[in-house]
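S.K.: All chains should be built: construct the whole structure from the sequences, respecting the hints.
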Amino acid sequence: MAKHTLIAYVEDVPGVLNRVASLFRRRNFNIDSLTVGRTEQAGVSRITVVVDSTEAGARIVEANLYKLVNVLRVDDLTRKPSLFRELGLVKVKVTPQTRAEVLQLTDVFRARVVDVDEVSLVIEVTGTPEKIGKFEMVLRPYGIVEIVRTGAVAMARGHETLSSNPPLVHVTGGKAEHHDTSGLAMSV
Amino acid sequence: MKLTGAEIIWECLQREGVDVVFGYPGGAILPTYDAMTKYPKIHHVLVRHEQGATHMADGYARASGKVGVAIATSGPGATNMVTGIATAMMDSSPIVCITGQVGSKAIGTDAFQETDVTGVTLPVTKHNYLVTKPGDIARAIREAFYIAKSGRPGPVLVDITKDAQQLTAEFDWEGAAPRLPGYRPSYHAPDSEFARAAELINSAKRPLILAGQGIIKSGTTAEVLKLAKTAGIPITTTLLGIGAIPASSELNLGMMGMHGEAWVNQAIQQADLLIALGMRFDDRVTGNLKTYAVNAKKIHVDIDPTEINKNVQVDVALIGDLREVLAVIQPQIKKADHAEWWSAIAVNRGDSAVRDIKNLPDSGHLYAAHVINDIWRLTQKRDTIVVTDVGQHQMWEAQYFHHDKPRSLITSGGLGTMGFALPAAIGAKFACPDKDVWVVVGDGGFQMTSCELATAEQEGIKVNVAIINNAFLGMVRQWQEFFYDKRYAATPMTGPDFVKLAEAYRLTGLRCNQRPDVKATVAKTLADKKTVVIDFVVEKEDTVFPMVPAGADLDKMIRRPKQDVLLESGSDKDWEMPSSTLPNVFVEKKAEAKALNDRRKPSPPGKRRTPAKA
Numbered sequence: 001m002a003k004h005t006l007i008a009y010v011e012d013v014p015g016v017l018n019r020v021a022s023l024f025r026r027r028n029f030n031i032d033s034l035t036v037g038r039t040e041q042a043g044v045s046r047i048t049v050v051v052d053s054t055e056a057g058a059r060i061v062e063a064n065l066y067k068l069v070n071v072l073r074v075d076d077l078t079r080k081p082s083l084f085r086e087l088g089l090v091k092v093k094v095t096p097q098t099r100a101e102v103l104q105l106t107d108v109f110r111a112r113v114v115d116v117d118e119v120s121l122v123i124e125v126t127g128t129p130e131k132i133g134k135f136e137m138v139l140r141p142y143g144i145v146e147i148v149r150t151g152a153v154a155m156a157r158g159h160e161t162l163s164s165n166p167p168l169v170h171v172t173g174g175k176a177e178h179h180d181t182s183g184l185a186m187s188v
Numbered sequence: 189m190k191l192t193g194a195e196i197i198w199e200c201l202q203r204e205g206v207d208v209v210f211g212y213p214g215g216a217i218l219p220t221y222d223a224m225t226k227y228p229k230i231h232h233v234l235v236r237h238e239q240g241a242t243h244m245a246d247g248y249a250r251a252s253g254k255v256g257v258a259i260a261t262s263g264p265g266a267t268n269m270v271t272g273i274a275t276a277m278m279d280s281s282p283i284v285c286i287t288g289q290v291g292s293k294a295i296g297t298d299a300f301q302e303t304d305v306t307g308v309t310l311p312v313t314k315h316n317y318l319v320t321k322p323g324d325i326a327r328a329i330r331e332a333f334y335i336a337k338s339g340r341p342g343p344v345l346v347d348i349t350k351d352a353q354q355l356t357a358e359f360d361w362e363g364a365a366p367r368l369p370g371y372r373p374s375y376h377a378p379d380s381e382f383a384r385a386a387e388l389i390n391s392a393k394r395p396l397i398l399a400g401q402g403i404i405k406s407g408t409t410a411e412v413l414k415l416a417k418t419a420g421i422p423i424t425t426t427l428l429g430i431g432a433i434p435a436s437s438e439l440n441l442g443m444m445g446m447h448g449e450a451w452v453n454q455a456i457q458q459a460d461l462l463i464a465l466g467m468r469f470d471d472r473v474t475g476n477l478k479t480y481a482v483n484a485k486k487i488h489v490d491i492d493p494t495e496i497n498k499n500v501q502v503d504v505a506l507i508g509d510l511r512e513v514l515a516v517i518q519p520q521i522k523k524a525d526h527a528e529w530w531s532a533i534a535v536n537r538g539d540s541a542v543r544d545i546k547n548l549p550d551s552g553h554l555y556a557a558h559v560i561n562d563i564w565r566l567t568q569k570r571d572t573i574v575v576t577d578v579g580q581h582q583m584w585e586a587q588y589f590h591h592d593k594p595r596s597l598i599t600s601g602g603l604g605t606m607g608f609a610l611p612a613a614i615g616a617k618f619a620c621p622d623k624d625v626w627v628v629v630g631d632g633g634f635q636m637t638s639c640e641l642a643t644a645e646q647e648g649i650k651v652n653v654a655i656i657n658n659a660f661l662g663m664v665r666q667w668q669e670f671f672y673d674k675r676y677a678a679t680p681m682t683g684p685d686f687v688k689l690a691e692a693y694r695l696t697g698l699r700c701n702q703r704p705d706v707k708a709t710v711a712k713t714l715a716d717k718k719t720v721v722i723d724f725v726v727e728k729e730d731t732v733f734p735m736v737p738a739g740a741d742l743d744k745m746i747r748r749p750k751q752d753v754l755l756e757s758g759s760d761k762d763w764e765m766p767s768s769t770l771p772n773v774f775v776e777k778k779a780e781a782k783a784l785n786d787r788r789k790p791s792p793p794g795k796r797r798t799p800a801k802a
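These protein sequence lines map, in sequence, to chains A and B. Residue 127 in my numbering sits at position 127 of the first sequence, with consecutive numbering throughout. Residue 782 in my numbering sits at position 594 of the second sequence, with consecutive numbering throughout.
Since the hints were derived computationally from the structure, they do not count as laboratory data. It cannot be assumed that every hint is accurate.
[What the hints assert, rightly or not] For lysine-lysine, the following DSS-like pairs were computed, each having C-alpha atoms within a straight-line distance of at most 27 Å: (1) A:K67 with B:K414; (2) A:K80 with B:K498; (3) B:K229 with B:K623; (4) B:K707 with A:K67; (5) B:K414 with B:K229; (6) A:K67 with A:K131; (7) B:K623 with B:K337; (8) B:K254 with B:K707; (9) A:K3 with A:K93; (10) B:K623 with B:K707; (11) B:K569 with B:K623; (12) B:K498 with A:K67; (13) A:K3 with B:K498; (14) B:K229 with B:K718; (15) B:K674 with B:K650.
Being a predicted model, the structure only gives us computed values, none of them experimental.
M.R.: Below, the structure written as structure tokens:
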């Protein structure tokens, strides 16, 4: 079992998020995080979904995503050089004695203080999910009042647009063969 | 051309080539029913329950290969369809369901007869639509038909609000052509995969073709037979694959799986290559996945990429239309006869004829298998479609009615929907009015949808209903007998006098309770112009053999004991001593059942056995 990050480009129509989420529930796949947002193209949304699954399981998730009529393209970023970012807001308790320490930690994590009052700070932190987890950990002794995380978004590094692997089935032996990709171009 | 939304619905159905729809009116679909009168070319069949409408559309689709259409109103009308939609989904049957929805302004207010139908049917449809504007109806319906019948077929639901049916819009058929950028009905496997598949086939010593419903859907019976003949490969079919390969073909070994032929399951376990054509390795055909065909390489041809490696890991996957795949692969196949393999199968087959209920002496009791086999013998010269329900009779039909033509057996496989047979048969009769349509149904399943007899009567169509009446929910009883120590909880069941029931519907009812009468009963049935309901009163506690217990190894079957020649029922049967040469798991299962039973008695803590999985 490992974390797999899949990017699904979907038509921006009512119910599409429900279709994607329902698929994971129905096929018994565990969602680690799921984020949705617009893309550079009108009418196309981008869903970043992190699943805890085996390699074979991830292929089945991918194939099932492709089976949804509103899904335009699916990319698996797990094995590609990619950037992963998540944003977290942490409300932490402070006293006059601990405020300086917390501010120092905030600096170390290159986070920003976005709200201050006499007993608490709200800190905005971005980075990989691991970094945010760590930030949460170091702040815990001071007393975390509230925390919210967006879930990971991801993008491949480099100038190449993502390959549009169709629901490729990896079979034993030989190098991975790609099936016809002609029908998979983005055309919304 | 300005039309109301309701008129657009009919206009679209007409242009999609629909000649019959199965439906039930109600408040939210009334505008559509009102507009129906302007489209007399489409025949509307009034069903007695919306579940029946979906099964009829399903039966129509399976018999004809065309898209079946069912219509219902919002709320309860639509939710009643869910079972039929799920049935069509599991068996890849192309149907389009049109449901009315409350007005678009009322959506979300818990209005009268409002249900989130697209939400409810999301997991059991291939795709669905909620349409709130009349201008969107045409495209939704065109896309629904396209999605339902292309790729791996399946059900599509179009939910249309009442105001969208009432308001008018410009009807533009051409402009409503499907625009589905994310929909991929077809795939093409790369040449290298074909080469690997051909290499595996050419080098195999003990190859076996697993023939599924995909062959029927793609109409490739001849192509598969050609491949099998060239390379000398025996064929076995799944339940839904019955008819894909003629039963009379010497290449056809018979059905595989839980109630498949013993020698077929043994052949699967002994094979060194399985060539799966349009089948999906359902748990009912694989048994224990850990021990399933461990010695065999596997080639999987399927149009749906999500089926590959889902249950069984395969060596070569050819994703695509079976017709195209076979066309590419056939020229690469070398001639072979595999004489040794065939003789090994013949050895396995060996004494099976002794166990065959057909060859057992008649004890004077009426057995379902005899009835079904007799119906087959007596109707061989006629063009017959058999529609079966779910349970023991379904398995006996699969074993003892020999189908030579594709689409001549219609049955609920994947979902196992009781109550499917009668409505599906009515749908099949509308698709094929010139063929005889037989319903083989248990007394339990029949009572679930027997109200559709009224539909048959009102429509004046003839289906022949053979009720295999054993006064039990037979298959469940069989499981109780084997695995639950004969505790027959809630399986004995009574029913109405089926003859009088038929007569109450102004149809013909017949009863038959001994074998010599079967012939005359069938003759009388065929001669009758009306729908006939036959009450075959059969042996109560008969058992389907062979049987692979759920989750057991495929070749470990419970088999009919050879000595049991008189087939006495009930307590006379002593299944603990089947004189089978095969490994027999029954004793094991029996022990498990006993352990389960003993669990109820107080036992020292920590010594409890975990319940066996059914």
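S.K.: Sort out whether B:K623 lies within 27 Å of B:K229, counting only the CA atoms.
M.R.: With a Cα-Cα distance of about 22 Å, the restraint between B:K229 and B:K623 holds, given a limit of 27 Å.
S.K.: Sort out whether B:K229 lies within 27 Å of B:K414, counting only the CA atoms.
M.R.: Between B:K414 and B:K229 the Cα gap is close to 41 Å, so the pair fails against 27 Å, i.e. violated.
S.K.: Quickly compare the C-alpha distance for B:K569 and B:K623 to 27 Å and report which way the hint goes.
M.R.: The given pair, whose Cα atoms are some 12 Å apart, holds under the 27 Å limit.
S.K.: Starting from B:K623, check that the Cα of B:K707 is at most 27 Å away, please.
M.R.: holds (20 Å)
S.K.: CA of A:K67 to CA of A:K131, is that 27 Å or under?
M.R.: Answer violated: A:K67 to A:K131 is near 35 Å, above 27 Å.
S.K.: Within 27 Å, alpha carbon to alpha carbon, are B:K707 and A:K67?
M.R.: Cα-Cα ~50 Å, so violated.
S.K.: Between A:K67 and B:K414, is the straight-line Cα distance small enough, at 27 Å or below?
M.R.: Distance ~32 Å between A:K67 and B:K414 Cα, so the pair is violated.
S.K.: Holds or violated: are the alpha carbons of B:K623 and B:K337 at most 27 Å from each other?
M.R.: holds (24 Å)
S.K.: Given the hinted pair B:K498 and A:K67, is their Cα-Cα distance within 27 Å?
M.R.: Distance of about 14 Å is within 27 Å: holds.
S.K.: Run the distance test for A:K80 versus B:K498: straight-line Cα separation, threshold 27 Å.
M.R.: holds (25 Å)
S.K.: Please verify whether B:K229 and B:K718 have alpha carbons no more than 27 Å apart.
M.R.: holds (25 Å)
S.K.: Need the status of pair A:K3, A:K93: alpha-carbon distance at most 27 Å?
M.R.: Outside the cut-off at roughly 32 Å; violated.
When each numbered hint is compared with the structure, violations occur for hints 1, 4, 5, 6, 8, 9 and 15.
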